[in-house]
Amino acid sequence: MNTRGSAGDNLALWYLAYFIFGVLFFSIVFYWLSSYSNGEALMEDFYAKELARILNAARPGDDIYLDVTEATALAFDNGLAKENIFYFDTGRRAVEVRLTPRSHTRFSYFNEVAVEEGYAVELVSGSQTTNRLHFVVRAAGGRL
Amino acid sequence: MNRRASGEEIALFMFLFIMVILLAGILAGVYSFFNKGYDFRLAESSQLRAALVSCFTREGPDVFFATFFNITLSCGISEEVLLDGVHYVRLRDAEVRSPQFVRGVTDYETQCDLSTGGARENAAYPRCVSGNITFKGATYSYLVGSNQHGRRSTA
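For the protein sequence lines, the chains are A and R, in the order given. First residue of the first sequence: 1, per our numbering; consecutive thereafter. First residue of the second sequence: 1, per our numbering; consecutive thereafter.
So that you can see chain A by itself, here it is in the shape it has in the complex:
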């Protein structure tokens, strides 16, 4: 049987396989890289640690305003509502920052304080470009 030319017949299939593998590979890599290139991963990390630093030094009764404009800009671009960006897990002494719907960053603080319910991202009066997180610190359950 004459089989010459069979490799050439399959060449298009092999090119198609390479193309599919290549597209799949680079799609996954660029999807993963996008959260870094947009700065979401870094910003989540930064704000979670800054909030933990503030809470570690806070005393019950402190009324705190933190400029979160950069974080909210990224979160709003990703379709998040302002209520879903920051979360204080007072039971476990942790702060969570979410700037994408698919991930969040969590950081613990050691100070035995909690954050009053009703904390919110506010638009500063008179400014269209500045957002701030407002929260009030209270004593946690276990503290005398």
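It is worth saying that the hints were derived from the structure and are not from the lab. Just so it is clear, the structure is predicted and the values come from calculations on it, not from any experiment. Each hint should be verified, as a subset may be incorrect.
[Stated by the list, open to error] So these bits of chain A aren't anywhere near chain R, every CB distance computed over 10 Å:
(1) F21
(2) Y31
(3) D62
(4) D63
(5) D67
(6) L74
(7) F110
(8) E116
(9) V124
(10) R132
(11) V136
(12) R138
[Stated by the list, open to error] Stretches of chain R that chain A covers, calculated by requiring three or more beta carbons in the stretch to come under 8 Å of a beta carbon on chain A:
(13) 8–20
(14) 23–32
(15) 47–61
(16) 80–93
(17) 140–152
We put the CB at the ideal spot given by N, CA and C, even for glycine.
Using the hints, position chain R against chain A.
Structure of chain R alone, referenced to chain A:
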């Protein structure tokens, strides 16, 4: 059946091999640029040290080293967080090394030395602060360490 790989199969293997090399290069580049992030460990250790020393000088060694001592109630420092596997606190008499107050990962006693060990310096080890407090004529030594990087998780 003895079947030798065809040219196309070898080429596919080479293609996948190159993809893996590319992926490893991209991962290494991203991690070398971003992964250090914002290193908060030393700042956290300093904050914890300040809270610990302040509490010790307020409560005194008799209370601090008592068996019933509760650091959460007396100092406002969450014991649950100290025991989360990435923190360490140790305070003791500098001379006789006893009694002592210890919470957290005791292996940080060694790792804290290694983290500032010059040529042996390793970013994976905790960042620590240590020193002495003089209280009513006696000297007490402390060591506080943190290796908390924060946790990024999906959904």
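Coverage assertion for the segment 47–61 of chain R with respect to chain A, Cβ distance below 8 Å, three residues required
holds (count 3)
Verdict on chain A covering the segment 8–20 of chain R, criterion of 3 CB contacts below 8 Å:
holds (count 6)
Mind taking a look at whether chain A covers the segment 140–152 of chain R? Criterion is 3 or more residues with CB to CB distance under 8 Å.
Satisfied; 4 residues make the cut.
Is it correct that the beta-carbon of A:D67 has no partner in chain R closer than or equal to 10 Å?
A:D67 is indeed farther than 10 Å from all Cβ atoms of chain R, at 16 Å.
Tell me whether the statement that chain A covers the segment 23–32 of chain R is true, taking a Cβ distance below 8 Å and needing three residues at minimum.
It holds, with 3 qualifying residues against the three required.
Checking a non-interface call: every C-beta of chain R should be farther than 10 Å from the C-beta of A:V124. Is that right?
25 Å, holds
Chain R versus A:R138 - minimum CB to CB distance exceeding 10 Å, so not interface
Non-interface label on A:R138 holds, nearest chain R Cβ at 12 Å vs cutoff 10 Å.
Per the stated criterion, does the least C-beta distance between A:D62 and chain R lie above 10 Å, as a non-interface residue requires?
Label holds. Min Cβ-Cβ 13 Å, cutoff 10 Å.
Are 3 or more residues of the segment 80–93 of chain R near chain A, judged by a Cβ distance of less than 8 Å?
The restraint on the segment 80–93 of chain R holds, since 5 of its residues have a Cβ under 8 Å from chain A and three suffice.
Could you check that no beta carbon of chain R comes within 10 Å of the beta carbon of A:F110?
Its Cβ does come within 10 Å of chain R, the nearest being 4 Å, so this is violated.
Decide, holds or violated, for the assertion that all CB atoms of chain R are farther than 10 Å from the CB of A:D63.
19 Å, holds
Taking 10 Å as the cut and beta carbons as the points, is A:F21 off the interface with chain R?
Check fails; 7 Å does not lie beyond 10 Å.
Of the numbered hints stated above, those contradicted by the structure are hints 1, 7, listed in ascending order.
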